[in-house]
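Visitor: These are the residues of each chain, in order.
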Amino acid sequence: MSLHRPTYVHAFILGVFCFGFGILIASLDLVTREDIKLRQFEDMQASLAKVIPLAIHDNIPAEDKVVLKGDDGKDLTVYRATKGGKVTGVAFPIQGSGYAGPIRLMMGVDPEGRILGVRVAMFKETPGLGDKIDEKKSDWILRFTGLSLGNPPVDKWKVKKDGGQFDQFSGATITPRAVVGAIRNGLEFFAANKAQMLEARK
Amino acid sequence: MTTSYRTIVRDGLWDNNGVLCQMLGMCPTMAMTGTATNGLGMGLATLLVMALSNLLVAIFRGYITHEVRIPVYILIVAFWVTVVDLACNAWMHELYKVLGLFIPLIVSNCLPLGRLEVFASREPVMPSFMDGLFMGAGFTLALTAIGAVREVLGQGTLFADASLLLGPAFKFLEMKALPIDAGFLVAILPPGGFLVTGILVAGKRILDIRAGKPLADGPAGHGV
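As they're listed, the protein sequences go chains A and B.
Per the working numbering, numbering of the first sequence is gapless, rising by one per residue and ending at 332.
Per the working numbering, numbering of the second sequence is gapless, rising by one per residue and ending at 256.
One or more hints might be untrue.
Unchecked claim - Pair ranges (Cβ atoms, derived):
no., chain 1, residue 1, chain 2, residue 2, range
1, A, GLN175, B, ILE106, 35 to 43 Å
2, B, PHE226, A, ASP297, 30 to 38 Å
3, A, ASP159, B, LYS203, 32 to 40 Å
4, A, ALA330, B, LEU221, 47 to 55 Å
5, B, GLY230, A, CYS148, 54 to 62 Å
6, B, PRO222, A, LYS290, 40 to 48 Å
7, A, ASP297, B, PRO222, 27 to 35 Å
8, B, ILE106, A, GLU193, 58 to 66 Å
9, B, SER195, A, SER300, 23 to 31 Å
10, A, ASP188, B, PHE226, 51 to 59 Å
11, A, LYS180, B, THR34, 53 to 61 Å
12, A, TYR138, B, PHE226, 43 to 51 Å
13, A, PHE142, B, PHE226, 40 to 48 Å
14, A, ALA230, B, PHE226, 31 to 39 Å
Said to hold, decoys possible - Examples of chain A residues lying across from chain B (beta carbon under 8 Å, computed):
no., residue
15, LEU144
16, ASP159
17, VAL217
Honestly, the hints are just simulated from the structure, not real lab data.
Where is the CB? At the ideal position from N, CA and C, for every residue including glycine.
Produce the complete structure using the sequences and hints provided.
Guide: Have a look at this one:
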């Protein structure tokens, strides 16, 4: 048996396997890299298309990016819709903390600060209760379209249980509360950074 | 020592089923069986990795020394998982959106590793490949069954979103099994995974006893 072979033999065999499979994976990475980038770009385009109506732009929003500092100090990418060189809407990711971890959303806002659309991108909320924030499960998320910081007034940007005007779901308050809060923060972020977002490109 | 194909098929699908008998791979079993479609997707991805890993280990087994076999096995499983992950992301992106979450979990599944150790490292290439294929198929069956029970009890549907995984031709699989909106919620929550798996394991044992099969103590099979 191999029990009496010196250690370097085993080390060499393990090394050869690691090297060989390492090379194979590196080459596969090279082959797939461009395609994967393209797929991610398509995904981004598809998610932007949900929150920015096609009619208001003649550019490709996924390609018109402005990087700002978000509330948490991290970079936040803002995608811009333009028509004839004028910015007609912006979309950016927002986040709230739900019942079972972060809820990521994408939100579109027009230059006057009205919501063009909001969609949930990633969440882990309880199926059957918190997942009604998903467009596929319920139309709850569509009610935000057209609203802005003044409509309803800022102190009504809460779920009904907290004295606001938005319905929570039966059995789930934390999830809609997180989403409403995230959207309100998003609108405030827009208001605070409006100038930079709407600035025309040279 | 060579195992007949008949035994390989029977062992994989029923007699020595990875989940219901060997009780391996519990992490993906619990995590990915909220719906029948998720169970099926996780099972199919695992099946592919198991068949390919068994194949490679059986080919190279003459060169892998006993002392470093475990790192080499893990390397091979991780290699196939990465291949499936990258290829799926680049060229089968719709499928990737459904399965992408599950694929990296396969590395943490000890069922593939177990089959490499007890089967592929001792048997010829073809039987090893078949073992991976049928152990994977048994795993898929068990996960789909657990997922189906949890989905019907928990949200009243069966194979919801199956057409996203398998293509539009499989739309017919998507059923509304029970006329309820939110059912027995605990079935889709983590405790439901343990409950349903336990009930299915017990059910399989009852069937085996009825069929007069001797009860194996603990994991049955090839010298485990």
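Visitor: Should the interface hint for LEU144/A be scored as holding, given a Cβ-Cβ cut-off of 8 Å against chain B?
Guide: The hint holds - LEU144/A has a Cβ within 8 Å of chain B, the shortest such distance being about 4 Å.
Visitor: Would you say the C-beta atoms of ASP297/A and PRO222/B sit inside 27 to 35 Å of each other?
Guide: For ASP297/A and PRO222/B the Cβ distance comes to about 28 Å; the hint holds.
Visitor: May I ask you to test the hint 31 to 39 Å on the CB atoms belonging to ALA230/A and PHE226/B?
Guide: violated (18 Å)
Visitor: Taking 35 to 43 Å as the stated bounds, is the beta-carbon spacing between GLN175/A and ILE106/B within them?
Guide: holds (38 Å)
Visitor: Has the hinted range 58 to 66 Å been met by the Cβ atoms of ILE106/B and GLU193/A?
Guide: Check failed, 41 Å falls outside 58 to 66 Å.
Visitor: Is the hint on VAL217/A kept, meaning its closest Cβ partner in chain B is under 8 Å away?
Guide: violated (30 Å)
Visitor: Go ahead and decide if the range 51 to 59 Å is satisfied by the Cβ distance of ASP188/A to PHE226/B.
Guide: holds (55 Å)
Visitor: Can the suggested window of 23 to 31 Å be confirmed for the beta-carbon pair SER195/B and SER300/A?
Guide: holds (30 Å)
Visitor: With a cut-off of 8 Å, does the beta carbon of ASP159/A approach a beta carbon of chain B closely enough for the hint to hold?
Guide: holds (7 Å)
Visitor: Does 54 to 62 Å hold as the CB distance between GLY230/B and CYS148/A, or does it fail?
Guide: Given about 40 Å between the Cβ atoms, the range is violated.
Visitor: Using the Cβ atoms, figure out if LYS180/A sits within 53 to 61 Å of THR34/B.
Guide: For THR34/B against LYS180/A, whose Cβ atoms are near 57 Å apart, the range 53 to 61 Å holds.
Visitor: Can you tell me whether the CB distance of TYR138/A to PHE226/B sits inside 43 to 51 Å?
Guide: holds (47 Å)
Checked against the numbered hints given earlier, this structure breaks hints 5, 6, 8, 14 and 17; the rest are met.
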